[in-house]
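**Q** Now for the letters of each chain:
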Amino acid sequence: MDTPLLTVKNVKTYYPVKTGFMNLQTSYVRAVDDVSFEIYEGETLGLVGESGCGKSTLGRTIIGLEPLTDGEILFDGKPMNFRTDRVSLSKQIQIVFQDPYSSLNPRLTIGDLLAEPLTVHNIVPRNEIQQEVTRLLQLVGLSETAKARYPHEFSGGQRQRIGIARALALRPRLIICDEPVSALDVSIQAQIMNLFKQLQRELGLTYLFIAHGLGAVKYISDRIAVMYAGKIVEMGTAEQIFKNPQHEYTKKLLGAYPIPDPTKRSILTQQ
Amino acid sequence: MSLFKRYFNKKKYDAEHTVTWSEDMPSKGLFLKRFKRHKLAVIGFFYLAIILLCAIFAPLLAPYNPNEITDAFGEGPSMAHWLGTDDIGRDILSRVLYAARVSLSVGVGAVAIAAAIGAVLGLIAGYFGGIIDGIIMRITDVFMSFPYIMFILVVASIVGPGLTNIIIILGVLGWPGIARLVRGNVLAIKQSDYVKAGIALGYSTPRILFKHILPNTIAPILIYATSGVAGAILDEAALSFLGLGVQPPDASWGNMLSSAQSITILTDQPWLWIPPGIFILLTVLSINYIGDALRDALDPRNVK
Amino acid sequence: MFGYILRRLLIAIPVLFGVTVINFIIMRMAPGNPIDMLVSPKLPDAAREAKAIELGLNDPVYLQYWNWLKNLVMHGDLGYSMYTSEPVVSMILERMGPTLILMGTALVLGLLIAIPLGILSATKQYSKLDYIFVTGSFLGISIPNFFLGLILVYVFAVQLSWLPSGGMKEVGGDGGFGTLLVHMILPIIVLVANVAGRNIRYVRSSMLEILGQDYLRTARAKGLKELFVVNRHALRNALIPIVTIIGLEIPILFGGAVVIEQIFSWPGIGQLTLSSIMNRDYSTLMGLNLVAAFVVIAANILTDIVYAFVDPRIRKSYVGGAK
Amino acid sequence: MESLLSVKHVTTAFDTEHGKVISTSDVSFDVKHGETLAIVGESGSGKSVTALSIMRLLGKNGHVEEGEILLNGIDLAQVSDHEMQKLRGNDVSMIFQEPMTALNPVLTIGYQLVEAIRLHIPLEKKAAKKLAIEMLDKVGIPQAERVIKQFPFALSGGMRQRVMIAMALVCKPKLLIADEPTTALDVTVQAQIIRLLHSLCQEYGTAVMLITHDLGVVAEMADRVVVMYAGQVVETTDVYTLFEQPLHPYTVGLLNSIPSMDFDNKELQAIPGSIPANYNQLPGCRFANRCPLATEHCKTNKPELTDTGSGHLTRCFEWRQLQQGGNA
Amino acid sequence: GGKDEEQQQGKSSDKNVINIGVTYAPSNINPLQPVGLVSTYVSNLLFLPLVDLDSELTYQPMLADSIETKDNKTFTINLNKEAKWTNGKDITADDVVFTMELMANPTVASNYAYMFAIVDGLDDAGFLPKGKESIKGVKKVDDKTVEVTTKNPTTLTIFEDTVGRYLLTLPKSELEKIDVAEINKSDFMKNPTVTSGPFKLSKIDTDHYVEMVPNKEYFKGASKLEQLNFKVLQGNQIAAQLKSGEIDMNIPSAGMIPVSDFDTVKGLDTLTTNYGQPLATQFMYINEEVVSDVKTRQAISYAMNRQQIVDNLLKGAGEVTDGFFTSMSPYLDKTIKPVAYDAAKAQALVDDSKWDKSKKLKLAVLSGDATLEKAANIIAENLRAAGIETQIQMTDLSTLLDDIVKKDYDLAVLTVSITPVNPLPDIAYFIGEGNPNGYNNKRVNEILAALSTEVDEAKIEKLYSELQQITQQEVPMPSIYATKALGAVNKRVQRATPSDFGMFINVNEWTVK
Ligand SMILES: Nc1ncnc2c1ncn2[C@@H]1O[C@H](COP(=O)(O)OP(=O)(O)OP(=O)(O)O)[C@@H](O)[C@H]1O
Ligand SMILES: Nc1ncnc2c1ncn2[C@@H]1O[C@H](COP(=O)(O)OP(=O)(O)OP(=O)(O)O)[C@@H](O)[C@H]1O
Ligand SMILES: [Mg+2]
Ligand SMILES: [Mg+2]
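Residue numbers (this note's numbering), protein chains in the order written: chain B, 1 to 271; chain Z, 272 to 575; chain G, 576 to 898; chain C, 899 to 1226; chain R, 1227 to 1739.
In case anyone wonders, no lab produced these hints; they're calculated from the structure. Backbone N, C-alpha and C fix where the C-beta goes; we use that ideal spot for every residue, glycine too. Heads up, some of the hints might be wrong.
Stated by the list, open to error - FRET-style restraints, in silico, Cβ to Cβ:
#, chain 1, residue 1, chain 2, residue 2, range
1, Z, 336, R, 1577, 21 to 29 Å
2, B, 152, R, 1586, 50 to 58 Å
3, C, 1160, B, 52, 25 to 33 Å
As the list claims (entries may be wrong) - Under the rule of at most 27 Å between Cα atoms (straight-line distance), these lysine-lysine pairs were calculated in the DSS-like manner:
#, chain 1, residue 1, chain 2, residue 2
4, C, 1197, G, 800
5, R, 1403, R, 1358
6, G, 617, R, 1685
7, G, 617, R, 1358
8, G, 617, R, 1299
9, C, 958, G, 800
10, G, 800, C, 1072
11, R, 1588, G, 617
12, G, 617, R, 1688
Required output: the full structure, derived from the provided sequences and hints.
**A** Here it is in structure tokens:
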């Protein structure tokens, strides 16, 4: 545990909003407001918080999809610059999105979809691309027959697997998972989370795992960060957070989580 | 409960399963199926196919050279001239067949040009946003601010009327609508996760624009284009009415129809206007029906 | 809201400027010139020169534009027609009325037909009625204007002698509402066929979209009658996109004025446009173009404003200033 | 106690471009006065279709093919449209999953509430408005007088869902159908809504048919549970039994899929695969392809919903194995 | 009510009103520079010319009782003694002189100034030289007499055809108040308050109609009509409106009925119809730089099947021509027959001339006239048969004139109406020095020069005859056919006959039944 894989230092992401007479004034939505943390190689950092608190913005800022307003993000101890090093950085850090229906280009077959990053970045020699695609599919538990099909022919869970396979194509070290299971059925959620875990074991991946379901985060994360209104209000191991929450918001969050056991009706009894 | 867990543990995770079960989803042929539901569109499609063949094989099918002046001046249908002859003795049937070439190429050509310009500008405006978007949108404002016909009139008088010029003019003037449409779509698609994923995967901007965004706006462009084809055929007809259409002796349905502007012809020589009139009507009608069916068949909300 | 309108108007200025510059350039690129149309070609050069001086055409081209612009900005004056020597402003104003009457009526009537039929068509999707309306609307847009006009004139004016075949009033008569109405019938039928044809489809598809929305299910779940669900809840929402269409319809109508006014000798902007082009009446053309551009832009802005009024979501974003 | 709602062997079908599609078949369950019945199941299993069948809001292309839906002894599948309109909102009302889209965006909150009130209660506009404000107060909306003039977009998701609840309960219906009322909301807001629903229904004596796929919510609120899978009811029992002694492998799988709140760090036991798309044509059990207990018999024979005793119903040939396993 | 109903029919049939259909818009009514045919008719009704040409092509007194000359250089204009302005004042020699000076003022830039170039003291464009205020050759003799001297000997006919016909005398008292630079834009030119003609302007919309009411004080006798209106129509509407009664009559070549409607109009029993004289002639400009060989030009002339066009397309309502004169011209040499269609000879001439058959000529054709367009199609086919490929290009008037002036054309077909009594200015423009065909013939130039000063009618005829021979041989600018426009008038209208010339001379006598 020497240099962290990812270091986020005082990161701010503000969205300018034009207001006032003639839209001449600019005010800002402080979506991410002075956030700092580190993720070490092979670890999973869970990120929870209420809707709109800036989780996705933070994830997208890290992968360079949103411009950094202020602060610094280091990868492997080196500052990242997406303007100049997009190509090499894309091989280090990837993202899996929440909505399995909108994250795959509906006009491409799964084969093309997975081959594209391989060809663009020359990951494998041309003649091995098909093999590599098959391997990727197998890695996420899909069969080769998926290649010729289009995304709409798959169920949500399967699409999410394809999304993961695509993220893995460039053999990244860090994957940002932006609520990758929220849109899925309970039974499918479990499949996908197991897949994440299995891949981490096999490939030594590092995750920033965003979720708003506490159960999922707890299950998958080594450490958990709780975000509230653009700031990280509490961070610690899953056990620390769940057993001994410090911040008011964390306590509220835990208190609101419905426990799947009818004998412990916490919400209704709490009042 | 540990027992149940054992059951599941024993089962090795079966990946094949997942795919097999959804295999029966009827996705192939769905487009055709949806399209076929619009019976009138199917009829329109066959009609258009026939017209297209007629246009292509006009030299083989036409009994006369369309510009040949025969001795029969303004005569009604007969065995020699199935649809009669016009005021200067040309065979109407032959002219209508050749006119199909002109009218269809005006329709298709103009729309192709408009779609090409509109799609590229719309893509650029929508994707890059900001000042570029502002400038392009102001340009579309400028273009849309010209009264359509007036612009055509002036440009036609510069480059001179004629088939190619009509196509170019209608094409060059038709793009703002498509540009706006594409831009709107791009704005939405740009936000979609698969474009974000493309960026994260380090794809180049042209690749994202043309491989990921453009194909996903094809459906609306296609739908818009069908009504554009119909519109261009009608516009050419209107231009012929104003004397700025395709140049004689070439025939277009529009100039054949507009030469029937006299009550005498209307009453006494219906063979001069009924054939081109019917062809315009049916063609435009067919194209519109097809456009509507396409709209339905390509509706992304139907494709899950 | 006010700030928003002002901003839109300010943005319109460069657009208008661009429109006039391009129009000026294109006009000058067109072969021919107003002098040829005014004086016989067999005239000696001296006579042509005198005419050029009279019309201000002997100045360098950029100076001519500058003078035009200066005149417009400083005095709100569009100059005199090169062909008829009348003030361009009064020529345009005189013809604006007839065009607006015709187009306005067509727009209103067209929508009055299109909206209910489109709604009916949507609520009864794939029924016989739906097919009839949709086919009717396609027919409306498939018949070339000039041809429909010709047939109507033939039937109603020539054969039946029920209606006048053209013009806005009887020559020599002093107009009056009844006369105007009678003269409007035929051109209005042609235009309405078009407007209604185009818009039945829009209304139908926009209504279809709304009919699938969740909040209609909510309304039904309250126990609301289907009639009210459609007319109170669905219609209001369906009208929002239709507002945009009205904004698009105005330039279409305005552009189509040339043909329709030509067919029915309607004394409006379209006819003036055509004759000005034919006569290379530069000053009138500049004026007409400016007006047309203004109409388009005004229609756009108006659409947005009306849009904001019918859609509270957008109203808020204007009021709040954020957009 | 006499059942308030009795759904008997209901089969619902849709006319689609692929022809007629049976969406739910042979769905049966009861809702008793004042109780909360939860319906859980995988996405696409027919929960919403069942609810909409009861409300007769399936849309133009959907209809109940077979079976009876008795509300207070009246068969909702048979009454006239007019009759049904009177019942909706008055005897039975419904709230939906997406608070963002369930309210008409161009009408004020007040308008939509007053409309709901005056449809069933003969009140003057003023009085209705007063009632509306009271109701909004009741569902915990601050500054109800102001909110009533606002449009839905001005409210947050939680607030909108409160408005929906107010609207649904304002006529004191006997049955409230809540189709995933909290899925789109944050957990903290979800907790508030659950509490609100619970207390209001207690107060009004309204029975709730709660559709959800969150077993936590089920455990929290429900008295009894119906588990649906692939268009069928696969298990029905009271909430305690369900969590303690599930008798259908799907229910078992579902329970095993939830990450536990203990720190045992065990792998989740996911159910492999997904709902077959063509479940209607399957000759045997619809869960067979994902079931660890499935035998050849299961794949070729259709199991019936059988009573395992004391009203615990399951649609499984092998339920006894589970019972034994559980007891062991 | 009843009145409404009448109006609904759009008919004037029961009222004391005559509506005349025209196909050209009266762009203005400025008598200093009327643009186009209808403008001229209207301004002539407001302000009388000195004399006017009647349908027999003789001059009738209008504002002048007579114009006389003894030496063909000094012309005495005797104004009508009764002539009065509508404000009651006499029309005097001062008004005539004042108007002449206005016409000659370069600032006014009258487009008819060149008509006055024959007058002594004016330059070739008809303008006063810089610094000059008055015209040397114009002299007031007394209140009702003006004397005009010309630069060169001039026939009375030519004097009458220029000064006599184009000087529309204006009221000095009204106009001298207005700055000359502003005169064209002045209110008077839009709505003249003091006029001299049989009708006064009541309302005008330059694109659509002119409404006129009788001048009750007209010194030749006031009209009994309530109104006389001009209505601008599309050609194809004329027949319809004649039939419906919306118009009562047309002006043959300013209210052209399309040939296709001739039979319909002739068949209507509410109308009296008559053919006008063959006036509008279709000429083919030939760019001599492109078609330099005289044989090729001859081939063009032989190739055109003029007779077929006249017989089939015009249905006989026209005549075959190949030069500058039609049968209505006093100068037509009837012994010279137009060249007959001879395809074989045309082909032979083309072969003989070594015309490059791969060359494709642009055939610019004036747009807007359906008959001409069809004729052009026939001609193009004729030429193709002879071995000359052409591509028709319909062109609007402005573009066509521009192309011709810049010689940026190969062949151009265009309608020209040459004044039958004074054809010289047109002919000189077409084939004289600096002509737009690029044609150059010494003998032709000599003839034209001689004609410009010749006053002996017999000699003039001889010169024109020689000219016809030359042009038929050399084909510098052949004509193709001349149309006889159809005039129609409702039988309820009395004493009015549609005609291209002199139709309005007796307008104050027109009545309706
Ligand atoms: N492009 C943008 N422009 C302006 N504001 C934005 C933009 N994107 C996000 N925001 C705002 O930034 C804040 C954080 O948004 P973000 O999507 O990161 O939240 P989140 O925590 O991911 O929420 P959720 O759980 O709903 O996904 C929100 O208030 C949102 O409205
Ligand atoms: N209008 C419709 N037309 C055709 N099929 C429909 C229609 N509505 C629902 N279905 C089908 O009926 C089945 C059950 O759908 P339903 O919406 O009841 O599922 P659900 O259990 O509510 O799922 P979710 O948890 O996703 O809401 C699905 O297969 C669905 O495709
Ligand atoms: Mg998010
Ligand atoms: Mg549902």
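**Q** If a hint holds in the structure, say so; if it doesn't, say that too.
**A** Structure-based check of all given hints:
Separated by about 23 Å at the C-beta atoms, residue 336 of chain Z and residue 1577 of chain R satisfy the suggested range of 21 to 29 Å. Checked against the hint of 50 to 58 Å, the C-beta distance between residue 152 of chain B and residue 1586 of chain R comes to roughly 56 Å, which is consistent with it. Look at residue 1160 of chain C against residue 52 of chain B: about 31 Å separates their beta carbons, and that is inside 25 to 33 Å. With a CA separation close to 46 Å, the supplied pair residue 1197 of chain C and residue 800 of chain G exceeds the 27 Å bound.
Distance hint between residue 1403 of chain R and residue 1358 of chain R is fulfilled; the C-alpha atoms sit about 20 Å from each other, no more than 27 Å. Between the alpha carbons of residue 617 of chain G and residue 1685 of chain R the distance comes to roughly 25 Å, so the proposed pair stays at or under 27 Å and holds. For the given pair, residue 617 of chain G sits about 25 Å from residue 1358 of chain R by alpha-carbon distance, which is consistent with the 27 Å threshold. With a CA separation close to 24 Å, the supplied pair residue 617 of chain G and residue 1299 of chain R stays within the 27 Å bound.
Pair hint residue 958 of chain C plus residue 800 of chain G holds up; C-alpha atoms about 15 Å apart against a cutoff of 27 Å. For the suggested pair residue 800 of chain G and residue 1072 of chain C, the alpha carbons sit about 21 Å apart, so the restraint of at most 27 Å is met. For the proposed pair residue 1588 of chain R and residue 617 of chain G, the alpha carbon gap of about 23 Å is at most 27 Å, so the pair holds. For the given pair, residue 617 of chain G sits about 25 Å from residue 1688 of chain R by alpha-carbon distance, which is consistent with the 27 Å threshold.
In summary, the structure is inconsistent with hint 4 from the numbered list given earlier, while agreeing with all the others.
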